[in-house]
Amino acid sequence: MNLWEVDRSWTLFLDRDGVINERKFGGYITSQSEFSFQKGVLEAFSIFNKTFGKIIVVTNQQCIAKGVLSRSELDGIHKYMLMHIESCGGRIDRIYSAHEIKGEPPFHRKPYPAMAMFAKEEFPSIDFSKSIMVGDTDSDIEFGKNLGMKTVLVLSKEVTKSTPDISIKNLSELCAYF
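So that you can map any letter, position 114 of the sequence shown is 114 in the numbering used here, and since no number is skipped, the others follow by simple counting.
Treat the hints as calculated values from the structure; they're not laboratory data. Possibly wrong hints are sitting among the right ones.
To be verified - Think about it this way: if two alpha-carbon atoms lie no more than 30 Å apart in a straight line, the pair counts; the simulated BS3-like pairs of lysine-lysine are:
1) K79 with K24
2) K39 with K79
3) K50 with K102
4) K50 with K39
5) K145 with K39
6) K66 with K24
7) K130 with K79
8) K102 with K24
9) K145 with K120
10) K50 with K66
Could you build the full structure based on these sequences and the hints that come with them?
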């Protein structure tokens with residue numbers, strides 16, 4: 001079943017914590033050893049690789065501004081994530097991360113559209129009306145809706161008020177829609 005008639009002209013936008021990896025409630029993922037993939041994620045990426053023209057990660061990481069983690073440490077975590085995804089036949093075309101503290105300039109964090117605009121600048125073929133945003137928080141869903149994307153909520157312990165187009169338990173469940 002192809003819910004939105006998705007083909008290679010579509011872009012998949014993904015949040016990181018709570019979608020790709022297990023989210024650390026009340027804290028931050030600060031090392032590769034703390035980074036644990038959600039169940040079925042690696043297999044899902046091999047399907048997404050064949051389905052979507054672009055796969056983009058957009059992640060709020062205020063731990064950088066708070067001094068909990070350096071940019072190079074964050075890059076190391078992302079390299080670790082990419083290595084595992086690629087070894088299972090998946091890919092991520094680009095990772096954009098917003099480092100500022102919530103509510104402070106330059107307002108790159110979701111739900112603001114900055115990271116999507118950076119992606120569009122780098123990949124001009126991105127069409128937000130042919131894009132899906134997958135996240136586990138209100139800011140993720142609002143980010144997608146603000147840009148005219150289809151939205152998918154990954155259910156978690158966090159209570160959300162936003163109304164996504166669909167809700168799923170994990171990324172592998174999303175594969176059934178394509």
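Checked hints:
{"no.": "1", "hint": "K79 with K24", "result": "holds (19 Å)"}
{"no.": "2", "hint": "K39 with K79", "result": "holds (19 Å)"}
{"no.": "3", "hint": "K50 with K102", "result": "violated (35 Å)"}
{"no.": "4", "hint": "K50 with K39", "result": "holds (20 Å)"}
{"no.": "5", "hint": "K145 with K39", "result": "holds (26 Å)"}
{"no.": "6", "hint": "K66 with K24", "result": "holds (16 Å)"}
{"no.": "7", "hint": "K130 with K79", "result": "holds (28 Å)"}
{"no.": "8", "hint": "K102 with K24", "result": "holds (17 Å)"}
{"no.": "9", "hint": "K145 with K120", "result": "holds (16 Å)"}
{"no.": "10", "hint": "K50 with K66", "result": "violated (38 Å)"}
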